[in-house]
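Colleague: Sequence:
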Amino acid sequence: MSAHQRREMIVRTALPLVAEHGTTVTTGQIARAAGIGEATIFRVFADKDELLDACIAEAQRADDVLAEIAAIPLDQPLPDRLAEAATAMEAYLARMGTVIGALHATGRPTRRP
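Heads up: the sequence shown begins at 24 in our numbering, then just goes up one per residue.
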């Protein structure tokens with residue numbers, strides 16, 4: 024597994040834990056869920072804050088929702104296309120809001136210095 028793939032795997036594994044526990048999630052919990060040693064996290068990320076920043080960036084990344092919207096067939100009636108696009112956006116905003124809300128609720132400032 025490349026360093027980039029390992030980083031992505033750790034962030035994907037961490038996201039639901041961050042959404043559930045916010046800043047109180049431990050790197051040990053993330054490592055166990057990912058099936059790796061805790062030291063592996065710190066070979067990829069300088070510290071927990073860098074990992075949380077990566078989780079925020081992933082939660083805010085819109086590539087998937089944009090691809091999902093772009094894949095809506097144009098031959099569908101407009102109301103159906105709009106409903107599909109709205110559903111995709113709703114899921115994206117819910118994911119982003121859950122992660123950022125959990126971090127904010129557990130003491131992470133909205134903007135870091």
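Hints are not guaranteed to be accurate.
Claimed, not checked - Label-pair restraints from in silico Cβ distances:
| id | residue 1 | residue 2 | range |
| --- | --- | --- | --- |
| 1 | S25 | I95 | 31 to 39 angstroms |
| 2 | E73 | L97 | 39 to 47 angstroms |
| 3 | P102 | D72 | 22 to 30 angstroms |
| 4 | P132 | M24 | 51 to 59 angstroms |
| 5 | P100 | R30 | 39 to 47 angstroms |
| 6 | G130 | A109 | 27 to 35 angstroms |
| 7 | F65 | P102 | 21 to 29 angstroms |
| 8 | R66 | P132 | 24 to 32 angstroms |
| 9 | L116 | E31 | 17 to 25 angstroms |
| 10 | T49 | L116 | 21 to 29 angstroms |
Rather than coming from a laboratory, the hints here were simulated on the basis of the structure.
Glycine included, every Cβ here is placed at the ideal spot set by N, Cα and C.
Colleague: Taking the beta carbons of P100 and R30, is their distance inside 39 to 47 angstroms?
Modeller: holds, 42 angstroms
Colleague: With respect to the beta-carbon atoms only, verify the hint that G130 and A109 lie 27 to 35 angstroms apart.
Modeller: holds, 33 angstroms
Colleague: Could you see if the CB distance from P102 to D72 stays within 22 to 30 angstroms?
Modeller: Given range 22 to 30 angstroms: violated, Cβ gap about 45 angstroms.
Colleague: Taking the beta carbons of P132 and M24, is their distance inside 51 to 59 angstroms?
Modeller: At roughly 33 angstroms between Cβ atoms, M24 and P132 fall outside 51 to 59 angstroms, so the hint is violated.
Colleague: Is the distance from the Cβ of E73 to the Cβ of L97 consistent with 39 to 47 angstroms?
Modeller: holds, 41 angstroms
Colleague: Does the Cβ-Cβ separation between F65 and P102 fall within 21 to 29 angstroms?
Modeller: violated, 50 angstroms
Colleague: May I ask you to test the hint 24 to 32 angstroms on the CB atoms belonging to R66 and P132?
Modeller: holds, 27 angstroms
Colleague: For the hint 21 to 29 angstroms, verify it against the beta carbon of T49 and that of L116.
Modeller: Roughly 28 angstroms apart at Cβ, these two residues keep to the hinted range, so it holds.
Colleague: Okay, L116 versus E31 on CB: inside 17 to 25 angstroms?
Modeller: The hint (17 to 25 angstroms, Cβ to Cβ) holds, given that L116 and E31 are roughly 22 angstroms apart.
Colleague: When you take the CB atoms of S25 and I95, is the distance between them in 31 to 39 angstroms?
Modeller: About 33 angstroms separates the Cβ atoms of S25 and I95, which means 31 to 39 angstroms holds.
In the structure shown, a violation is registered for the earlier hints numbered 3, 4, 7, in ascending order.
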